[in-house]
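Chains as they are written, first to last, in the numbering used here: chain A, 1 to 114; chain B, 1 to 113.
Check each hint, because a few of them may be wrong.
List time: in silico DMTMM-like cross-link candidates among lysine to aspartate or glutamate, alpha-carbon distance up to 25 angstroms [said to hold, decoys possible]:
1. B:K100 <-> A:E59
2. A:K41 <-> A:D27
3. B:K100 <-> B:D79
4. A:K14 <-> A:E52
5. B:K68 <-> A:E52
6. B:K15 <-> B:E26
7. B:K68 <-> A:E87
8. B:K15 <-> B:D31
9. B:K100 <-> B:E59
10. B:K58 <-> A:E87
11. A:K20 <-> A:E52
12. B:K58 <-> B:D79
13. B:K15 <-> A:E63
14. B:K5 <-> A:D65
15. B:K68 <-> A:E63
16. B:K42 <-> A:E87
17. B:K42 <-> B:E26
18. B:K57 <-> B:D84
19. B:K15 <-> B:E59
20. B:K15 <-> B:D53
21. A:K41 <-> B:E26
22. B:K100 <-> A:D65
23. A:K64 <-> A:D88
24. B:K100 <-> B:E56
25. A:K64 <-> A:D27
26. B:K71 <-> B:E26
27. A:K20 <-> A:E87
28. B:K112 <-> B:D31
29. A:K41 <-> B:D84
30. B:K68 <-> B:D31
31. B:K57 <-> B:D79
32. A:K64 <-> A:E87
33. B:K68 <-> B:E26
34. B:K100 <-> B:E26
35. B:K42 <-> A:E59
36. B:K68 <-> A:D65
37. B:K112 <-> B:E26
38. B:K71 <-> A:E87
39. B:K5 <-> A:E22
40. B:K112 <-> B:D53
I should point out that these hints are in silico values taken from the structure, not numbers from a laboratory.
Remember, predicted model here, so these are calculated numbers, not experimental data.
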Amino acid sequence: GAVVSQHPSRVICKSGTSVKIECRSLDFQATTMFWYRQFPKQSLMLMATSNEGSKATYEQGVEKDKFLINHASLTLSTLTVTSAHPEDSSFYICSAGTANYGYTFGSGTRLTVV
Amino acid sequence: QQQVKQSPQSLIVQKGGISIINCAYENTAFDYFPWYQQFPGKGPALLIAIRPDVSEKKEGRFTISFNKSAKQFSLHIMDSQPGDSATYFCAASISGNTGKLIFGQGTTLQVKP
């Protein structure tokens with residue numbers, strides 16, 4: 001089955017620094033990757049849609065300059081949280097796939113900003 | 001109109017019992033309705049999904065019931081087991097983009113031995 005890997009699984013960073021999260025499709029090529037955010041005991045909220053070779057499309061209320069998304073290849077998308085603050089602490093989850101074969105979620109990245 | 005409302009927020013069921021989680025939506029453009037299971041610290045995993053051309057879909061112990069006119073759908077977990085204890089999310093999307101999901105609020109299920 002389709003496997004989506006996220007790295008790192010956990011990261012702690014200092015307030016004001018930037019952190020990069022990788023999302024990789026291990027055994028398939030993903031034309032589209034989605035980035036979601038999940039606060040503790042809450043639901044998943046879509047942040048942005050990333051198509052390979054194109055600029056990401058951000059959902060309303062998500063700051064594109066703060067959450068930089070790069071989808072440079074069919075197997076890798078990255079989310080960079082710039083100038084992180086404690087309120088950015090959350091569980092970040094990607095999903096990857098194609099319209100024909102569906103989408104698979106990654107294992108998630110727990111970001112803690114101190 | 002983009003919301004998906006899920007209930008109950010939490011559910012406790014005895015082993016062997018039936019767990020029932022309900023969802024309702026407003027946007028009639030939604031035509032793909034998946035259910036996900038999520039364990040703590042993990043990403044959600046697809047359990048079962050339905051499209052509105054059928055009223056019920058069953059996969060093993062999991063069944064989705066779909067009521068198009070009421071704009072409601074539900075997940076039934078038969079013969080619930082302690083290993084089913086997790087958080088369950090319903091979701092909805094437009095089939096042209098099944099990766100772009102609107103999630104319900106989630107239901108934390110505890111199955112007691």
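Hint check:
Of the supplied pair hints, the one linking B:K100 and A:E59 holds, its CA atoms being roughly 11 angstroms apart against a limit of 25 angstroms. Between A:K41 and A:D27 the CA atoms are separated by roughly 31 angstroms; this puts the pair beyond 25 angstroms, and the hint is violated. At most 25 angstroms may separate the alpha-carbon atoms for a hinted pair to count; B:K100 and B:D79 exceed this at roughly 32 angstroms. Proposed proximity of A:K14 and A:E52 is contradicted: the alpha carbons are some 30 angstroms apart, above 25 angstroms.
A C-alpha spacing of about 35 angstroms is found between B:K68 and A:E52, which places the hinted pair above 25 angstroms, so the restraint is violated. For the hint pairing B:K15 with B:E26, the CA-to-CA distance comes to about 34 angstroms; that exceeds 25 angstroms, so the pair is violated. Under the criterion of a C-alpha separation no larger than 25 angstroms, the hint pairing B:K68 with A:E87 is inconsistent with the structure, at around 39 angstroms. Proximity of B:K15 to B:D31 is assessed by CA-CA distance (about 33 angstroms); at most 25 angstroms being required, the pair is judged violated.
The straight-line distance between the Cα atoms of B:K100 and B:E59 is roughly 23 angstroms, inside the 25 angstroms bound, and the hint therefore holds. Of the supplied pair hints, the one linking B:K58 and A:E87 is violated, its CA atoms being roughly 41 angstroms apart against a limit of 25 angstroms. Of the pairs offered as hints, the one joining A:K20 and A:E52 holds, with about 18 angstroms between alpha carbons and a cut-off of 25 angstroms not exceeded. About 14 angstroms separates the Cα atoms of B:K58 and B:D79, which keeps this hinted pair within 25 angstroms; it holds.
Pair hint B:K15 plus A:E63 does not hold up; C-alpha atoms about 45 angstroms apart against a cutoff of 25 angstroms. Our distance criterion of 25 angstroms between C-alpha atoms is broken by B:K5 and A:D65, whose separation comes to about 31 angstroms. Of the supplied pair hints, the one linking B:K68 and A:E63 is violated, its CA atoms being roughly 36 angstroms apart against a limit of 25 angstroms. Among the hinted pairs, B:K42 with A:E87 is consistent with the structure: their alpha-carbon atoms are about 21 angstroms apart, no more than 25 angstroms.
With a C-alpha separation of about 29 angstroms, the suggested pair B:K42 and B:E26 falls outside the 25 angstroms cut-off, and the hint is violated. Between B:K57 and B:D84 the alpha-carbon distance is near 19 angstroms, which keeps this suggested pair within the 25 angstroms criterion. For the suggested pair B:K15 and B:E59, the alpha carbons sit about 19 angstroms apart, so the restraint of at most 25 angstroms is met. Pair hint B:K15 plus B:D53 does not hold up; C-alpha atoms about 33 angstroms apart against a cutoff of 25 angstroms.
For the given pair, A:K41 sits about 24 angstroms from B:E26 by alpha-carbon distance, which is consistent with the 25 angstroms threshold. At roughly 21 angstroms between alpha-carbon atoms, B:K100 and A:D65 fall within 25 angstroms of each other, so this suggested pair holds. Only pairs whose Cα atoms come within 25 angstroms are accepted, and A:K64 paired with A:D88 is accepted, the gap being roughly 14 angstroms. About 23 angstroms separates the Cα atoms of B:K100 and B:E56, which keeps this hinted pair within 25 angstroms; it holds.
For the hint linking A:K64 to A:D27, the alpha-carbon distance of about 29 angstroms lies beyond 25 angstroms, and the restraint is violated. Note on B:K71 and B:E26: the hinted pairing holds, with a Cα-Cα distance of about 7 angstroms set against a maximum of 25 angstroms. Distance check on the hinted pair: A:K20 and A:E87 sit about 17 angstroms apart at the alpha-carbon level, within 25 angstroms; holds. Under the criterion of a C-alpha separation no larger than 25 angstroms, the hint pairing B:K112 with B:D31 is inconsistent with the structure, at around 34 angstroms.
The straight-line distance between the Cα atoms of A:K41 and B:D84 is roughly 18 angstroms, inside the 25 angstroms bound, and the hint therefore holds. Proposed proximity of B:K68 and B:D31 is supported: the alpha carbons are some 10 angstroms apart, at most 25 angstroms. The straight-line distance between the Cα atoms of B:K57 and B:D79 is roughly 17 angstroms, inside the 25 angstroms bound, and the hint therefore holds. About 16 angstroms separates the Cα atoms of A:K64 and A:E87, which keeps this hinted pair within 25 angstroms; it holds.
Straight-line distance between C-alpha atoms of B:K68 and B:E26 comes to about 11 angstroms, which keeps the hinted pair within the 25 angstroms bound. The hinted pair formed by B:K100 and B:E26 meets the criterion: a straight-line CA distance of about 17 angstroms does not exceed 25 angstroms. About 23 angstroms separates the Cα atoms of B:K42 and A:E59, which keeps this hinted pair within 25 angstroms; it holds. For a cut-off of 25 angstroms, the pair hint linking B:K68 to A:D65 is broken: about 40 angstroms separates their Cα positions.
Simply put, B:K112 and B:E26 have alpha-carbon atoms about 34 angstroms apart, too far for the 25 angstroms limit, and the pair is violated. Simply put, B:K71 and A:E87 have alpha-carbon atoms about 35 angstroms apart, too far for the 25 angstroms limit, and the pair is violated. For the given pair, B:K5 sits about 31 angstroms from A:E22 by alpha-carbon distance, which is inconsistent with the 25 angstroms threshold. The suggested pairing of B:K112 with B:D53 is violated, with an alpha-carbon distance near 35 angstroms, which exceeds 25 angstroms.
When the structure is compared with the earlier hints, violations turn up for hints 2, 3, 4, 5, 6, 7, 8, 10, 13, 14, 15, 17, 20, 25, 28, 36, 37, 38, 39, 40 and for no others.
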